[in-house]
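Chains as they are written, first to last, in the numbering used here: chain R, 1 to 135; chain H, 1 to 241.
To be clear, the hints were calculated from the coordinates, so they are not data collected in a lab. Note that this is a predicted model, so its numbers are computed, not measured. Ideal placement from N, C-alpha and C gives every residue a C-beta, glycine not left out. Hints may be right or wrong, so weigh each one.
Unchecked claim - Heads up, simulated DSSO-like pairs for lysine-lysine below, C-alpha to C-alpha not over 30 Å straight-line:
1) K84/R with K98/H
2) K69/R with K98/H
3) K84/R with K69/R
4) K45/H with K235/H
5) K98/H with K71/R
Unchecked claim - According to the in silico footprint, chain R covers these stretches of chain H (three or more CB under 8 Å from chain R):
6) 5 to 17
7) 99 to 111
As the list claims (entries may be wrong) - Selected chain H positions facing chain R (Cβ under 10 Å, derived; list incomplete):
8) M1
9) F56
10) P72
11) Y76
12) I91
13) A95
14) L96
15) L114
16) A116
17) I117
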Amino acid sequence: MHEWALAEGVIQTASGIAEEQGLEKITEIVVRIGELQQIEHDILQFALEQLRTPLMTDAKFTLETVPGKLKCRICGEEWTFNPKGVGEEESEAIHFIPEVAHVYISCPSCDSPDFQILEGRGVLLASITGVKPDD
Amino acid sequence: MIDPRPGLISRRLEGVDEIIAVSSGKGGVGKSIVASTLALHLAEKGHSVGLLDLDFTSPATHVILGIDGLFPEEEYGILPPVAHGIKYMSITFFALDKPAPLRGADVSDAIIELLAITRWGDLDRLVIDLPPGLGDATLDVIRFVEGIRFLVVTTPSKVAYETVRKQLTLLKRLRVPVIGVVENMARKPSDYVSLNVENDGALYLGAIGYDEGLEESIGDEARLKETKFYAEASKLYSTIN
Ligand SMILES: Nc1ncnc2c1ncn2[C@@H]1O[C@H](COP(=O)(O)OP(=O)(O)OP(=O)(O)O)[C@@H](O)[C@H]1O
Ligand SMILES: [Mg+2]
Ligand SMILES: [Zn+2]
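All chains should be modelled from the sequences, with the hints used to inform the complete structure.
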């Protein structure tokens, strides 16, 4: 599953930050998931649990959903991505590479595929909370 | 907010021994045909080879190699399907045959995603076909792909070479190793390109002549390998290590 690859990225990046900041343990990792990529939350959650490192033994993984906000560069229309509006094959393609949304989706007002993904594209690491040795 | 993907890229490529980007400041000089035949040549020599098409606007290697009806498998990321013994990845799997109107930031995001999720496994060589110019795809592979080397393609035309010269200058400034320059579509003997390449401090790898018969072989791997182009190109590729 693609979610596993992204979970790996979250764990690796969080480990790097913890090391940089001298954390001796991580208590919470907050991940923002953009709806455009249509990530399966259960799978991502499961993958994160499985991939956790000793530093994260007690860490809570919090997943937050961010709606896919799109804005047309031609007419300025702003709208929210609705996964129900695209077919299965298109959905799968966007899941792999969210930018191919430009191939399958267009502005609801003027039909242009030249839109901006304002937020809610994919997986981002929002915050890490942890404990330093002298805390 | 931190993007968790860039850190994954070196991990995805850690099993790959050599990464060769086929590039040119100029469009239409034969990058895609060189990248495709280089991958075929390396596979023929017994190497394990991957081919990554990063030209999102006009992907062409699947057309040249006649790759059709394949799709990557999803397994802890995505596994490139194998065509003609080559592990193959391209935006075309996801955009199908439809136009993908992507702007700079989108191109970068899509490239990072592809590099971060594609599991190449162990490879002797990964060949990357780049779009023309010094834009996002070129700058992104330089930024994210450690140890990448450039194979630069030009034609005998002054119009092409003047742009290629700028590219060589840029690559030098960015300290990106250049394997050498291939002169493609040569129609008559001339030392214009070889002298200039030497002057610009790069290695001239040789010329591939204009091949009238090439077009008929596009899309057919077996016939491609029988072209004059392939014979000349292979000889030249054997000098690359
Ligand atoms: N030596 C040659 N003899 C005859 N035709 C050639 C030769 N080299 C390339 N061609 C043809 O020229 C065209 C352009 O080649 P190709 O697509 O490989 O160029 P490119 O540099 O990748 O272009 P782009 O900049 O659009 O990516 C193709 O139709 C190809 O078959
Ligand atoms: Mg090309
Ligand atoms: Zn619009």
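Now for the hints, and whether the structure bears them out:
| no. | hint | in the structure |
| --- | --- | --- |
| 1 | K84/R with K98/H | holds, 21 Å |
| 2 | K69/R with K98/H | holds, 23 Å |
| 3 | K84/R with K69/R | holds, 15 Å |
| 4 | K45/H with K235/H | holds, 12 Å |
| 5 | K98/H with K71/R | holds, 21 Å |
| 6 | 5 to 17 | holds (count 4) |
| 7 | 99 to 111 | holds (count 9) |
| 8 | M1 | holds, 5 Å |
| 9 | F56 | holds, 8 Å |
| 10 | P72 | holds, 8 Å |
| 11 | Y76 | holds, 4 Å |
| 12 | I91 | holds, 7 Å |
| 13 | A95 | holds, 5 Å |
| 14 | L96 | holds, 7 Å |
| 15 | L114 | holds, 7 Å |
| 16 | A116 | holds, 6 Å |
| 17 | I117 | holds, 4 Å |
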